[in-house]
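K.L.:
One letter stands for each residue in the lines below.
There are 2 protein chains.
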Amino acid sequence: MKIIAIISFLILTSGYAAFSQEKQNSDTKERNMAVAEKGLIKVTVMYPYAEGKKFDIGYYETKHMPMVAGFLGSNLVKYTIEKGLANGMPNQPLPFAAIGTFYIRNLKDYQSAVGPHRDAIRADFANYTDIVPTILVSEVVR
Amino acid sequence: MKIIAIISFLILTSGYAAFSQEKQNSDTKERNMAVAEKGLIKVTVMYPYAEGKKFDIGYYETKHMPMVAGFLGSNLVKYTIEKGLANGMPNQPLPFAAIGTFYIRNLKDYQSAVGPHRDAIRADFANYTDIVPTILVSEVVR
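In order, the protein sequences belong to chains A and B. Numbering-wise (the UniProt record's numbering), the first sequence opens with residue 1 and increments by one. Numbering-wise (the UniProt record's numbering), the second sequence opens with residue 1 and increments by one.
Quick caveat, the hints were computed from the structure, so don't treat them as lab data. Any given hint might turn out to be false.
The list treats identical chains as interchangeable, and a pair is accepted whether it falls inside one copy or across any two copies.
[As the list claims (entries may be wrong)] Each computed DSSO-like pair below joins lysine-lysine, with the alpha-carbon atoms no more than 30 Å apart:
1) Lys-78 / Lys-108
2) Lys-108 / Lys-53
3) Lys-63 / Lys-38
4) Lys-63 / Lys-108
5) Lys-83 / Lys-108
6) Lys-53 / Lys-38
7) Lys-78 / Lys-53
8) Lys-54 / Lys-38
9) Lys-63 / Lys-53
Could you put together the complete structure from these sequences and hints?
P.N.:
Encoded structure:
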């Protein structure tokens, strides 16, 4: 009986040790993910809304953004797409029809990755919009 | 020797089982976190850059944004702050000095939470900026 008790104890403690180690890794990972955006550079491509202008968000999501993202390699942390709904001030026009954002580690690598494809990227614009975007480069502070 | 081998085997497999179970939970959690922004509403407060205008990003980060965030309760998923660095187009002026963004679950709850504090929020503007912000309400598509 004693040997069984020892075996059981060893099994339980080794299982718990593995669990608690992995739990700790997972907690650290989550904490890292939560703060991971801080310090990143954002390249935010904003399409100002104007009546009569077109913006095909389906094409933008399934074709254009994945194409550009594909040029960026491991410098790209993530990219997001948002659709403008309203102006936050009452009775004001929608400021932007849509916004696409690349979260990158550094701007230099972004520029040299995108540079050789600039013509292809611009040529694709006509497939989803006739709006000239405003592009903001910013740093995530928080 | 045989009993030792069995013990070792049991310890190893029970440890692995615990590890692999937790690993799976952690993978699922990460996947959920990665897609968690999709469908959220963003209230993006954009401060257009203009020469001679002020923006105290320290005050904005430590006082103003936490104050507003504090009104939003569990409707607030997260908020971010970014500092404008440059225009993405060469030889163009910086479009925005700073941007603050609230990621919320729904706009109605945001409006009714902020409504009673509108005067306090506006009164605090003078403590960090003299820029009139543009506010975009948008939906995270991706």
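K.L.:
Each hint: holds or not?
P.N.:
Hint-by-hint comparison with the structure:
Taking the shortest alpha-carbon separations for Lys-78 and Lys-108, both the intra-copy value of 17 Å and the inter-copy value of 29 Å come in at or below 30 Å. Taking the shortest Cα distances, Lys-108 and Lys-53 sit within 30 Å of each other only across copies (29 Å), while inside one copy they are farther apart (32 Å). With identical chains, the CA atoms of Lys-63 and Lys-38 are at most 30 Å apart both within one copy (28 Å) and between copies (18 Å). In this homomeric assembly, Lys-63 and Lys-108 come within 30 Å of each other (Cα to Cα) only inside a single copy, at 25 Å, whereas the closest approach across copies is 33 Å.
Proximity of Lys-83 and Lys-108 under a CA criterion of 30 Å is satisfied in both settings, with 28 Å inside one chain copy and 18 Å between copies. In this assembly of identical chains, the alpha carbons of Lys-53 and Lys-38 lie at most 30 Å apart only when taken from different copies (25 Å versus 35 Å within one copy). With identical chains, the CA atoms of Lys-78 and Lys-53 are at most 30 Å apart within one copy only, with a shortest distance of 28 Å there and 32 Å across copies. In this assembly of identical chains, Lys-54 and Lys-38 lie within 30 Å of each other by CA distance solely across copies; the values are 23 Å between and 34 Å within a copy.
In this homomeric assembly, Lys-63 and Lys-53 come within 30 Å of each other (Cα to Cα) only inside a single copy, at 20 Å, whereas the closest approach across copies is 39 Å.
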